[in-house]
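Asker: Below, each chain spelled out in residue letters.
Number of protein chains: 2
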Amino acid sequence: MFNAEKFINQTIESLNKEIKGKALIAFSGGIDSTVCAVLANRAIKEDLIAVHVDTGYMRKDESKNVKKLMDKLNLNYRFIDASKEYYKELKGITDPEEKRKIIGEKFIRIFEKVAKQEKIKYLVQGTIAPDWIESGGQLRDTIKSHHNVGGLPKDMNLKLVEPLRDLYKDEVREIAKALKIDCSERQSFPGPGLAVRIIGEATAERAEIIRKACFIVEDEIEKAVKNKKMSIPWQYFAVLLPIKSVGVHGDRRAYGYVISIRSVESLDAMTCNYSNIPHEILDKISTRITNTLKDKVNRVVYDITNKPPGTVEWE
Amino acid sequence: MFNAEKFINQTIESLNKEIKGKALIAFSGGIDSTVCAVLANRAIKEDLIAVHVDTGYMRKDESKNVKKLMDKLNLNYRFIDASKEYYKELKGITDPEEKRKIIGEKFIRIFEKVAKQEKIKYLVQGTIAPDWIESGGQLRDTIKSHHNVGGLPKDMNLKLVEPLRDLYKDEVREIAKALKIDCSERQSFPGPGLAVRIIGEATAERAEIIRKACFIVEDEIEKAVKNKKMSIPWQYFAVLLPIKSVGVHGDRRAYGYVISIRSVESLDAMTCNYSNIPHEILDKISTRITNTLKDKVNRVVYDITNKPPGTVEWE
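These protein sequences, in sequence, are chains A and B. Just so you know, my numbering puts 33 at position 33 of the first sequence, and the rest follows in order with no gaps. Just so you know, my numbering puts 13 at position 13 of the second sequence, and the rest follows in order with no gaps.
The shape of chain A in the complex, shown without the other chains:
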């Protein structure tokens, strides 16, 4: 059986030996990066610098909560609000691949800047076994580019340290428990964040809309789960479609965006079924979205595509 205490002690000791100088960690607030940061912080103290970038495409209150968590964990951190810069660089960009590329590259440039300023030599990453082992047998690089913001670049000349590399999620959870880390496990979230949940141009206005819509979807589904109306889906979120559809506002016709709700059950790594959310709940979500985003959104659809032929995210 996995011994969390033993793993913690051994890892702190070996990190202490391995890291000679300052190290950087990209801190997302997820369980993997949090556990990893705490271990490295115990090993090398303030020589570990946690960096969190608010890209402007984070979920509701996400960056605020990450900041609180870094404070609570007593990490030496840099909190960088780059949202305005991101919105500016993504102005006019509609191609999904180009969007991802710009977001990833900007992320790297921010990291490079911190690394240079702080004379950093090591990069700590919370990679766990499922991140690089995939049933489909894909190459590791391909997978990482899906999950991280383009990964971190090889040409940064940082030595990569991955203390959780051989662990599975359950083991990471055991370590978190042993370390008394209280970090809520939110559903997995794509590296480029809400930007890939805005089809087409990812403007600040649209980011604000989709942030609210995603929150409503999470909130209503979690309430329904709590009230035993449905079981918790594997992933559930909203997508903004940049089509203007006609609606009724009082007596007049008005054009607004369309929000699509996506919720899936994972069967295995490669296939999913869309969730059979009761209509009662769907109706509630739809009404709350159009009521909350009155002047911006007048139509809500529910994605009823399985994977294949659809993917989980739209872009």
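If you are wondering where the hints come from, they were derived from the structure by calculation, not from laboratory data. Heads up, a few of these hints could be off.
Restricting the straight-line Cα-Cα distance to at most 25 Å, the calculated cross-link-like pairs of lysine-lysine (BS3-like) are [to be verified]: (1) A:Lys229 / B:Lys284; (2) A:Lys212 / B:Lys307; (3) B:Lys307 / A:Lys296; (4) B:Lys229 / A:Lys284; (5) A:Lys244 / B:Lys101; (6) A:Lys244 / B:Lys229; (7) A:Lys244 / B:Lys244; (8) A:Lys212 / A:Lys84.
Assemble chain B onto chain A, guided by the hints.
Answerer: Same frame as chain A, but now just chain B:
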């Protein structure tokens, strides 16, 4: 009680007196225009010219069936396939109002041409009472522009004849029965046809896609109704969204259109609820659409918007 036989005889007689020369009727194959055409044909024989225009935005087999019906009813008719011209005129047009306007005007021009060639003096229309009486108290012109292809123009200088003007739908059905007209009553269909079910540019390729998708929606819902899985909705159809969303084709990523399914229950003239179609049926429709339109469509959504704030049609 309404006496169909009496109404038929009186109407034939009065049409015979009223119409001095040739008359035109726009023949859609719907129960109103069919009953109206049969009555006028009995009154003035081949002096009634039925005109059917295939705009390229008709439902699957619709124009073919209309032609068969006109043959069976022994009408003197002109069947005009204008689909290629329509696609050409709508090239590059994305604005919903402009699309409607172009479609309506083209329809009028086709009618004008026939009227001129045939030296026609009368226009017979199957207008019934609910077409001009509306609970909302709107003006007739406004309503007509919703239901007909822009209506027919006043400046055509044709005398308008509306023999069914005082009737309600049930009475029209009684007359159809008395006249032994076997015309299936399809759900109501917007004047500009499938063009308003293609958001953005209504190309020939997209018309072909949405025609197939609408047919699948009708077919699966009608099967489900027959199998007592659900009750018949008020309106049910598909809409093509011109966004390309990512999907999986074998091992590779592929971008395809999104199809939205719309199905509503009418509460009164002004408000609707979206239909609570069982997920089993939604899943079946979604899979059949992506299987049938494999290379074109990889995502299907279900519209869960009530009216208000959404309208029934999207444009």
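Asker: Could you work out which earlier hints the structure fails to respect and list their numbers in ascending sequence?
Answerer: Hint 6 is the one this structure does not satisfy, whereas the remaining hints hold.
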